[in-house]
Amino acid sequence: MNTNQNNPENIKIAVDNEIDNYKGFAEEFRKAGNQNADQAALDKLDYIHPDDTDLSEKALVMFENKALDNSVRLQALGKIADRLFNDTGGVQRVIQVMLDKTEAIDIRNGALNTLLSISFSSPAIKAANSEFMAGLKALSDDENAGLKSIALETLASYNDDFALAKIKAGIDSPETAVFSEAKAVQLLGLNRTGEYNQVIQDKLQTSQDADVQIEAIHALSADPNSEELIKDKLEDKTALKDVRLASLKALQALSPERFVTAAKSLLADDSDYHDIRVAAINSIALQPQYATVFNDEVFTDKVKSLSSQLPFKAASDNYLTNRDTFLMI
Amino acid sequence: MSIIFNINGQPSGSAYIGWAPQPITIKLSAPQSSAQNIVIRSSSLPSAGAVQFLSSKTPGVLPVPAISLTLAANGTELSAFIAGKIASQNDQDVTVSIEDAASGAILAKRTIMVRIRKDANLLTIGERDRFLSAYLKFNLSTGSPNYTDFLIMHDTDANTEIHSYIDQPRYSFLVWHRAFILDLERQLQNFDASVALPFWKFDAPAPNVFTEHFMGRSTGSGTLVFDPLNPLYHWTVRGATGIIRDPLFNISSSGADIPAAPVRIKTEAQTLALGAAYARLVALEGNPHGYAHSSFSQASPITKIVRATEDPIFFLLHANVDRLWALWQSTNARFDRANVNTYPLNGAFNPHVHGNRIGDYQDDTMWPWNDDKKSPTSTRPASAPGGTFPQLAFPAVPTDKPQVWEMIDYQGYHNPTNTLADYDHISYKF
Chain X
0 MNTNQNNPEN IKIAVDNEID NYKGFAEEFR KAGNQNADQA ALDKLDYIHP
50 DDTDLSEKAL VMFENKALDN SVRLQALGKI ADRLFNDTGG VQRVIQVMLD
100 KTEAIDIRNG ALNTLLSISF SSPAIKAANS EFMAGLKALS DDENAGLKSI
150 ALETLASYND DFALAKIKAG IDSPETAVFS EAKAVQLLGL NRTGEYNQVI
200 QDKLQTSQDA DVQIEAIHAL SADPNSEELI KDKLEDKTAL KDVRLASLKA
250 LQALSPERFV TAAKSLLADD SDYHDIRVAA INSIALQPQY ATVFNDEVFT
300 DKVKSLSSQL PFKAASDNYL TNRDTFLMI
Chain W
0 MSIIFNINGQ PSGSAYIGWA PQPITIKLSA PQSSAQNIVI RSSSLPSAGA
50 VQFLSSKTPG VLPVPAISLT LAANGTELSA FIAGKIASQN DQDVTVSIED
100 AASGAILAKR TIMVRIRKDA NLLTIGERDR FLSAYLKFNL STGSPNYTDF
150 LIMHDTDANT EIHSYIDQPR YSFLVWHRAF ILDLERQLQN FDASVALPFW
200 KFDAPAPNVF TEHFMGRSTG SGTLVFDPLN PLYHWTVRGA TGIIRDPLFN
250 ISSSGADIPA APVRIKTEAQ TLALGAAYAR LVALEGNPHG YAHSSFSQAS
300 PITKIVRATE DPIFFLLHAN VDRLWALWQS TNARFDRANV NTYPLNGAFN
350 PHVHGNRIGD YQDDTMWPWN DDKKSPTSTR PASAPGGTFP QLAFPAVPTD
400 KPQVWEMIDY QGYHNPTNTL ADYDHISYKF
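Line by line, the protein sequences give chains X and W. Quick note: the first sequence, position 61, residue 60 per numbering that gives the first Met the number 0, numbers continuous. Quick note: the second sequence, position 66, residue 65 per numbering that gives the first Met the number 0, numbers continuous.
The hints are simulated quantities; they were obtained by calculation from the structure and are not laboratory data. Misleading hints may appear alongside valid ones.
[To be verified] Rough simulated footprint, nothing fancy, chain X against chain W, three-plus residues with beta-carbon under 8 Å:
1) 134-142
2) 217-228
3) 247-260
4) 267-273
[What the hints assert, rightly or not] Cβ pair distances, simulated, as ranges:
5) P206(W) x E27(X): 33 to 39 Å
6) E56(X) x R216(W): 40 to 46 Å
7) G74(W) x N294(X): 48 to 54 Å
8) E8(X) x P206(W): 28 to 34 Å
9) R216(W) x N294(X): 45 to 51 Å
10) N9(X) x A347(W): 37 to 43 Å
11) K373(W) x D68(X): 49 to 55 Å
12) A176(X) x D362(W): 54 to 60 Å
13) G32(X) x D370(W): 33 to 39 Å
14) P58(W) x E8(X): 14 to 20 Å
15) A203(W) x E227(X): 46 to 52 Å
16) K100(X) x V352(W): 49 to 55 Å
Just so it is clear, CB atoms sit at the ideal spot from N, CA and C, and this is done for glycine as well.
Could you put the whole structure together from the sequences, leaning on the hints where they help?
Structure representation (structure tokens):
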């Protein structure tokens, strides 16, 4: 039950405990003079407060110290994310460890993922952007598949031409592929210039993999040149249901008028998938540009005839309710 | 005899309140020969909301379930206050009646909704579906503003305005995002006034959120699947379909997490423990805020500032960030804008004096609602999409070109008419 009665005392107690515990553990870490004591103190700390710059520096130095156990080094790294958020120099130091091929994969992976954990709006990542991007490019050729895939996906998300070209090369030569074909198509689709639309269209036409087709449809859903292809997929009764569902949405985005024609045809076909017909009805019910469909008596009668069937009831009710509202205005 | 019964200055129609007391006024519509003793009380169905009443909004005056008043024969208006006690689940599910104190006859009646921002993982199916329907309708609307404006308000050009930048912490990060999500919420309320923005409580598992019936279920490649009846099935951004959101964490058993990183998301208590001063609290921009954004695979738009608002979960994530600020305010009594621990930068930005940026100072108006664009004299972004801040009859705040300070006292402790939106379990302290 949502009430106007939180228990402020419980919250205050929890926060006060957090503050008191932190102070004690931070002091313990500050005074620790050997690896065992450092590790014991780090075990208790969930994070190092950004104001405690001496402690975060101590932890960063521990992370960089190859003489320490990897688990301790990663533990130390995990406490300094708050510092790294605003510390360009700290970020650069972690990048160096990330790229050091003499380091264990766990260390490098921890470094990469810690940087990604702060990457959303970190001023330090922005300031070190050129080093970070260069580091990711270096990792995209790394022997370690995990590092390589994260780096490539990250670069692709920034529309990096280098990464996208490598991903396309993986489609052309599957033996070199880092990603599944579906994921590769998805990543190429992140490029909004349309540079890879032809490649993606080819995959939509030739791949037998439903996941590949679905990713291709979404990637092409804003491309007018793909409208005919997507319409054909929707009307292909031999295609998998999920492929046709994706096609329905994409056709609607590309051409609302052709979508209406397709939706009416779908609704009239009692042999077609329920889910697709439900999606068609609901789409018209929920979207204002289809208000004129409400005047189509043939379509409306068909919706009414389906409303007694359980798979269609909710969508039919939506349509009829919105139709009534539209006609009253 | 008839009675004029105003809730928030409105004599009729649907009414919406939160936890904070709101004014009600009652008077006889015409003078009569004698005074009228009345009782104001409420009723509601099981599982519905509930309200309570106060004679005044003075600290220490506690709410009561019913309130007795005497209406003057000459028609003089009386005032009292009404506050939410239990959140509604449906629109107008609470009835407030004015009864003749002697006979119990109902003299006037209004309906009201205690509209509260709730944990998205705990919504009823009705609440969830009403929210999704309104969200989709705004996503597809072609009016002004529209959803594309909300994409632009959080894109590359906007980044330096709304987030911390190199050597320049953005103190107004929390303030601006509070206004941003409130704007979005009001756009949804244009389609369904009963809708309140739910929050994704990202430090705990939220299995009911990441389903095909709500925010989408991730497939192997990360593209979301929606039930065909889910309005979000039709979600479209810049003409493109398909949302990529691939959680790095187990949605059934974990809050936002990046297992391959040795760092964990801050809990609620850890976030509030950042400090009792606002200048310390804003460190949450990194963790938990940025961490939550980054807890998905990198192809997911939610991980990138420029594309984050393409994903409908953006506003649920930021509702939780705002809730954390609200919880911190409540815990530390941080509503007085004159207190530097509430917000550190008083006055207005002066380029000849200040090292911080315009938009950080309490008296600064906020982009984009102030229509301030990049110019030889302005460092704001190049465009100011979306128009002025949406105005409601109630609450009639903030102003259409809101200043930073208007977002601070969101429950109206120091400015009684300044109430914005309430969260469940963050009560008003009478």
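Status of the hints after comparison with the structure:
no.: 1; hint: 134-142; result: holds (count 5)
no.: 2; hint: 217-228; result: holds (count 8)
no.: 3; hint: 247-260; result: holds (count 3)
no.: 4; hint: 267-273; result: holds (count 6)
no.: 5; hint: P206(W) x E27(X): 33 to 39 Å; result: holds (37 Å)
no.: 6; hint: E56(X) x R216(W): 40 to 46 Å; result: holds (43 Å)
no.: 7; hint: G74(W) x N294(X): 48 to 54 Å; result: holds (51 Å)
no.: 8; hint: E8(X) x P206(W): 28 to 34 Å; result: holds (30 Å)
no.: 9; hint: R216(W) x N294(X): 45 to 51 Å; result: violated (36 Å)
no.: 10; hint: N9(X) x A347(W): 37 to 43 Å; result: holds (39 Å)
no.: 11; hint: K373(W) x D68(X): 49 to 55 Å; result: holds (52 Å)
no.: 12; hint: A176(X) x D362(W): 54 to 60 Å; result: holds (57 Å)
no.: 13; hint: G32(X) x D370(W): 33 to 39 Å; result: violated (60 Å)
no.: 14; hint: P58(W) x E8(X): 14 to 20 Å; result: holds (18 Å)
no.: 15; hint: A203(W) x E227(X): 46 to 52 Å; result: holds (47 Å)
no.: 16; hint: K100(X) x V352(W): 49 to 55 Å; result: holds (50 Å)
Of the hints listed earlier, those the structure fails to meet are numbers 9, 13, in rising order.
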